[in-house]
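Asker: Chains as they are written, first to last, in the working numbering: chain A, -15 to 444; chain B, 162 to 700.
These are calculated hints, taken from the structure and not from any lab test.
The beta-carbon is built from N, C-alpha and C at its ideal position, and this holds for glycine as well.
Mixed in with the good hints there might be a few duds.
[Unchecked claim] To give an idea of the interface, some chain A residues facing chain B are shown, with a C-beta separation under 10 Å as derived from the structure:
1. 13
2. 53
3. 56
4. 149
5. 245
6. 246
7. 280
[To be verified] Derived pair list, reagent style DSS-like, types lysine-lysine, alpha-carbon separation capped at 27 Å:
8. B:500 - A:44
9. B:653 - A:13
10. A:44 - B:262
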Amino acid sequence: MKKFIALLLSIMLPILSGCGIGREAASVKPVTLTLWHNYGGQLKDTMDEMIDEFNETVGKKEGIIVNVTSISGSATLHEKLTMAAYGDPGAPSLPDITTAYPKIALILAEKGLLVDLDELFTRKELSAYIPQFIEEGRLADGGLYVFPIAKSTEVLFVNKTLFDRFARDTGAKIEDLQSFEGIIRTASLYYDWTDKQTPAIPNDGKMFYMPDSIFNLSLVGCKQLGAEFIDDGRLNLKTPQHKRVWDFYFTPAVMGQVAIFDGYATDLAKTGDIVCSTGSTAGISFFSRTVTYADNTSEPIELAVLPYPVFEGGQKVAIQRGAGMCVIKSTQEKERLAGIFLKWFTSPENNMRFVSSTGYFPVTEEAFGERMSKEMENITDPAIKNLLSVSRVMQKEYEFCIPPLFESVDELEEQYEAQLKAAASRARDAYIDFSRSMDPVAAYEKASHGVYDDFILRFQ
Amino acid sequence: MNNSVLEKIKILKEAAKKTGTVGMPMGLRLFLFLMVLVLTIILGVIAILFISGTFTAGLSESKRIVENELLYASQGISKQYGYLSVHTIDLAEELSRSLEKTAKQLGISLSNLQDHPEELDELVAREFDRILFCLQKSQSSGAFFILNATINPALEKAKYSRAGLYIRNMEPNILSSSTPNYIVRRGSPTISRSHELSLDTQWSMEFDISDAPYYYRPIEAAESNKQLKLSRLYYWTPALKLPDTSEEVMLCSAPLIDSHGNVFGVCGLEVSAMLFKLSNMPNNRFYTRLFYTLSPIEEDVIKLDQSMFAGCYSARILSRGQTLSISENKNSFYVYTEKNQRRFLGIHKPVMLYPGGSAFADEQWVVAVMVPEEDIVTSVTRLNLLLIGSLMLLFVVGVMASFVLSRWFLKPINDGLAMIKSTELNAASKTKVPEIDGLIEYLALHNQELYEKARQENISSNILDEFLENTKKLSPAERSVFDLYREGRTAKEISEILSLSINTIKTHTKRIYTKLNINSREELLLYDSLLKEIGKKIE
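Given these sequences and hints, build the entire structure.
Answerer: See the structure below:
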């Protein structure tokens, strides 16, 4: 009799508890994970394809649907995250997963909104990732809040079509662009060359270069020259190294050879208003392979990628950039499922797929090694191929610095950029004014007099 | 183990064979009676579930959920698109007036804009604020206008290149934002830089109208229907990707018409795939993969590649199928089938994007709410599996209860029978079943009576034997009288039969009585009948 009851229960219990249909139930009632990311443009297509693939494969099996509910630029995304973190009126609800730079993650983590990803990954799993990328995602309390999915550095992008045309006439060499000083010399040459093309209009030479982030330029430039740009949470501007970086940007900017522009260099590159720029490797997908001029004529261009320039006599140092993914605290189950997505997304195979078409670096040791070499053979876009090749060279030869992380760093960066651009812009206007009645050197001297000291005083 | 099972089967077979010959045991009989009762109850429950529609309740509930979603979706989408249509008409009216005024100031005519390409930048630039304001006010994801002219007619691409301005709002769903989310998708970079806006990654200087229904169709409609008002001339494109862009958009465009009736361009607003998705979020509480589409429909075929989607189901996976054919399922959902046989269940209803009398009134659009078929089927099946599981459990419990009850009910009977079969009936313990205990008491009493009777019968037998023996002592004359008495004759009748005097008969009778040791004729007859009963004959 007891045996009979046991047999009966073993048959009936699964039916009643619904275990027999558990697997199907997973596909019927999957959990939706909302995702915000900042991969726009061509990156969006790659991201979309990968998310679709995840939803159709691992997601289907595990009962996860990743639903993208925002694709914004990083500045907008960060504003949205900050608004949501502070509960500002009109702020959207936080998603389950978001891309974020560590400086924003710091705000979210301090409010207790982020999951410590050490809870979702085992030590063995984490050991597959490049250690410094993991370390960058560890915030003040040592918890891993920003998971690396793709990293970038800064390189020099050159409109080679335009440069070659200019080089043919002037003898300029692309090798000169390996140093900041070489860039300035070439910029001066380019200004004169373009100025001479319209003899009737004096001083209408064109800009040659633009740094996407002057803050990063100063940070890395000082480091290359052996000084710290930020010391104990404050800008360390009274160093000869910073003065050298200042002179690199300020002087040619005032003289119209380097752009003073509130926006990304890709905007100016699209219209042929600059020839080269330093910016994130990820920016490659924002570079149009066609340049459109003011009269609506356009031409295809070759985009060359060179390693990040180095100040003469300085060390080879470049910045390590790239947002990671953060998991917002919700339910244990959602957090666990978010971990599954992150593991899938950063598995060597998928990670390589994502980065190979987007200009990012992979984040696992395996993807960075052999897989990257194999993937490079399959890439058809010569610019991306060139970029990955340069990235590998830099990975071997350069030291990478991580931007300092403290609460007001974002604000400090904004202020530094805005003040420097404003100072350069005012001096540029004055220079144009003075150069009508005096030679360029004297005009520059007069226009730039006391500007550096004033600038430093603003940050005291 | 196997041997014991085989032995048990053999025993059961023999029992069944025996049942056939000696009849069904009472225990099995009772078990089967109870099983009939159990089955009757279960069939009754099933009948009630059928009549009350419980088995189809899951499907009905699913339909109710989807119907509610459709109501919500169609109301929301109609409102959103109606609102944007009105803003497009307003923009077209304002822009037409404003551009005409500017053209007049610049000394050019809108009817031959192409003759003055040098003025186009100025014409466009002056409308920047209006376009931006309309974009903000309408909460759309983009606003644009296109003039029927290009800034460089000498170019090879000039035939399909048109000047204009297209500003996008990257975050139309954020109410307040200090970060500028506006970017310029089409237009001179001078305009974007003067307003400190970035160029879109997929920026172009001018519009490519080689495949631009948003440009041609409202212009054609305006030129061929001069009498129609602007409110009857706006046009909604199906979802499309503009050349060299990555996101699907729907554009609402209206013609720009000057006061002389010349059509000189179009203007309009954009709904991006993301805006549509975020503005029309379905309630995914019941079905996570439920989604809405706003789709053009033609002869029961939904064009997926021209639809907008909202919901968690991946629209891109879906739109690869390009079309969905609709088949009606009476009293239930419509079935939407993709070319690759992926099936969805759902409901759709027409949505009016145009007012009556519009040049595009014959274009049919529907709002559909769909769920992957397997989601609904599994959900309904799960509910019914639970019901069937419960009924199965009820049946099994019934079988067990019948088995246990029949054994429990039979136990005192078997005990009673065992007691009855035992010799010590009086010493038997109580079964606590009054009827059985009563029966045992009765049988004990009856046994006693039988014993007594038998004992008495033993005594009677000796007397009869003695009586029988005494009959042999009768003389022949006495025997003749005795026999006649046995035949029931009276003394008088015997005297007549034997022709003897009554006194002689009385003398014989007296001697008979003495020899047989009896006292009356009745006693003689009793003995005679008792002897007959026990089968003994008087010789």
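Asker: Against each hint, give a clear statement of whether it holds in the structure.
Answerer: Verification of the supplied hints:
no. : hint         : in the structure
1   : 13           : holds, 6 Å
2   : 53           : holds, 6 Å
3   : 56           : holds, 6 Å
4   : 149          : violated, 20 Å
5   : 245          : holds, 8 Å
6   : 246          : holds, 6 Å
7   : 280          : holds, 4 Å
8   : B:500 - A:44 : holds, 21 Å
9   : B:653 - A:13 : violated, 116 Å
10  : A:44 - B:262 : violated, 59 Å
Hint compliance for this structure: hints 4, 9, 10 are broken, all remaining hints hold.
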